[in-house]
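K.L.:
Next come the chains, spelled out residue by residue.
2 protein chains.
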Amino acid sequence: MNNESLQVQDIGEQGLLKILQCFCPAEIIGDDAAVLSTEPDQSLVVTTDVLVDGVHFSDRTTSPKDVGWRSAAANLSDLAAMGASGLGITVGLGLPGNVAVNWVEQLYQGMTECLQQYNIPIVGGDVVRSPVITISITAFGQAHPNRIIYRNKARVGDAIVVTGVHGASAAGLELLVHSQLGGSLSDSARLALIKAHQRPQPRLDVLPLLWQILDPSSPLPLPVSGMDSSDGLADAIVQICRASCVGAVINSTKIPLPTAFQNWLTKEQALEYALYGGEDFELVLCLPKEPASLLVEQLGKGAAIIGTIVEGSTALLGDDNQKTPDQVLTLSRGFRHFES
Amino acid sequence: MNNESLQVQDIGEQGLLKILQCFCPAEIIGDDAAVLSTEPDQSLVVTTDVLVDGVHFSDRTTSPKDVGWRSAAANLSDLAAMGASGLGITVGLGLPGNVAVNWVEQLYQGMTECLQQYNIPIVGGDVVRSPVITISITAFGQAHPNRIIYRNKARVGDAIVVTGVHGASAAGLELLVHSQLGGSLSDSARLALIKAHQRPQPRLDVLPLLWQILDPSSPLPLPVSGMDSSDGLADAIVQICRASCVGAVINSTKIPLPTAFQNWLTKEQALEYALYGGEDFELVLCLPKEPASLLVEQLGKGAAIIGTIVEGSTALLGDDNQKTPDQVLTLSRGFRHFES
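Just so you know, the sequences run in chain order A and B. Mind the numbering: the first sequence is residues 100 to 439 in the numbering used here, read in order. Mind the numbering: the second sequence is residues 100 to 439 in the numbering used here, read in order.
Just so you know, the hints here were simulated from the structure itself, not pulled from any lab data. Among the hints, erroneous ones may be present.
Since the list can't tell identical chains apart, any single copy or any two copies may satisfy a pair.
Said to hold, decoys possible - Derived pair list, reagent style DMTMM-like, types lysine to aspartate or glutamate, alpha-carbon separation capped at 25 Å:
id : residue 1 : residue 2
1  : K400      : E112
2  : K366      : D425
3  : K353      : E103
4  : K252      : E126
5  : K117      : D330
6  : K353      : E371
7  : K252      : D225
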């Protein structure tokens with residue numbers, strides 16, 4: 100039997116753990132729990148996600164390496180959305196016995212590649228038998244209590260910043276599932292969209308810029324709120340408005356779109372992807388206009404102010420053309436988990 | 100449709116989350132991640148477990164409330180085994196659409212009942228669709244760096260303490276699966292064994308006593324090592340010996356057994372349950388003889404010194420009778436996850 104065809108049931112739990120431990124820092128392995136140092140005066144920030152084969156990922160569109168990258172990225176994005184730097188993740192795996200050992204190694208390789216960009220270790224986990232591949236990741240980070248980004252602190256007058264383009268991930272998935280689509284796209288444009296889906300970047304890099312701009316020496320909580328756009332840009336804006344008891348006015352022409360959309364999609368299609376596609380893992384931040392402009396300038400690469408927080412309770416989407424009626428944004432049109 | 104027959108797919112993810120949030124502290128809900136305070140000078144301790152329906156639990160032997168209790172208890176036991184006090188847990192749930200909402204509520208009720216004994220909150224989670232019920236728990240705790248209980252610090256001459264009786268949980272499971280067994284047991288003895296299986300107690304209560312006995316004002320790491328006996332008492336002893344590069348001599352007559360075993364099992368059967376049954380969730384601690392005796396005295400209820408750490412690399416089981424040859428302890432004979 101060659102290495103490629105080796106299955107999980109051939110080497111058992113202990114054999115698999117031995118392989119997976121190579122992806123963890125050596126000093127952390129082999130106790131009932133992992134021990135990590137935290138800095139004083141920091142709060143602990145914790146988030147968890149469960150991914151199920153056939154529900155959240157599929158061999159048809161995603162290699163095990165990309166499944167690993169994406170599942171790590173989703174959790175790190177939640178940390179970034181809270182203003183937290185990452186300390187580590189734990190990985191709970193449920194595996195059928197006939198899964199290739201190589202598949203599991205590739206999964207860990209993908210997770211590690213994403214995590215290593217931020218020096219975040221896999222600090223522990225569990226591997227169990229299951230009839231369906233299940234990946235459960237818990238990420239934990241730390242943040243100074245004055246620098247936590249809650250979604251319920253948006254204030255009237257705040258500018259609404261997005262840290263990058265929206266719609267690319269959903270369009271990339273569409274191109275993977277329906278390869279006949281996008282005939283007008285160049286190869287590089289097609290690959291760029293697909294990569295946006297397979298290798299999304301959690302925006303932990305935004306935080307140091309943000310703190311620098313907002314004067315971190317202040318003894319008060321910093322004037323920034325927001326969340327990530329993992330469930331769609333529209334969802335993020337509506338969630339922030341609901342949590343903060345405010346409204347929002349969004350200028351649709353300001354929403355940064357992938358350049359590849361220009362020669363492929365209508366304006367309406369492009370906006371649909373951007374607002375409701377999801378999984379772009381950008382941050383949607385509300386902060387006063389002056390620091391907002393500075394942040395956008397320093398971020399570059401598609402960052403933009405797309406609107407303003409206003410009084411009220413609805414998020415309205417308009418454009419520069421006064422003839423188009425405003426549209427009320429709604430929560431994600433993404434698939435609803437349990438409905439048949 | 101009455102409430103009892105309501106299924107997860109009838110109320111969707113959002114409906115279910117609304118119900119489950121009642122089990123979480125209100126101030127923690129509704130952001131990308133949960134925020135927790137930690138004390139300065141404490142290390143973060145993290146552990147994770149995945150439980151799969153049909154693999155780790157079954158409706159035949161375990162009610163949803165007991166599944167909840169046991170899954171919380173297993174994680175808290177890992178924290179206790181590291182010397183950590185609990186800060187919170189996250190719960191990732193994979194659920195088929197046809198699971199009764201009431202089943203999920205009972206699961207959370209059971210987890211909460213176990214956690215509330217130690218004031219540990221459920222701080223977050225994820226609920227997703229899955230073909231099989233999957234429960235993934237990550238527990239967070241904190242411990243002073245000098246008070247962390249590693250398994251690789253056992254020293255020659257240490258007494259080996261168990262914090263309570265062993266074998267009760269496995270015997271309780273056996274009685275649940277094969278109800279014709281144990282005909283000689285009184286009803287109360289039978290129920291006590293079954294309860295030991297359904298409602299194991301993580302031994303976080305041991306830690307304050309231990310610190311008090313070991314002089315917590317010392318600036319040095321405290322002289323205690325060990326782990327929990329979740330995978331069996333023999334497994335714990337062998338793991339400690341391997342990690343610490345030492346041997347152990349165990350006196351089988353000192354291993355505390357459930358009183359119910361006396362009129363039911365042979366000496367050999369009783370020892371088999373105690374050594375290899377698993378899931379008793381007691382602590383196996385190695386520490387100098389004097390504090391070990393004090394600890395056993397203060398713990399009462401089945402706590403005992405069962406042996407001594409010696410030079411070498413094997414864990415030998417003997418008894419007071421010099422005619423019986425010593426037996427070498429091996430790792431758990433518990434089921435091996437992936438082998439068919």
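K.L.:
None of the hints should be skipped; say for each whether it holds.
P.N.:
These are the hints, each one checked on the structure:
1. K400 to E112: Close neither inside one copy (45 Å) nor across copies (35 Å); limit 25 Å.
2. K366 to D425: Intra 15 Å, inter 81 Å, cutoff 25 Å: intra-copy only.
3. K353 to E103: neither (49 Å within a copy, 50 Å between copies)
4. K252 to E126: Answer is between: at 14 Å across copies they meet the 25 Å cutoff, but 40 Å inside does not.
5. K117 to D330: Between copies, since 18 Å is at most 25 Å while 36 Å is not.
6. K353 to E371: So K353 and E371 pass the 25 Å test inside one copy only (14 Å; across, 71 Å).
7. K252 to D225: between (37 Å within a copy, 24 Å between copies)
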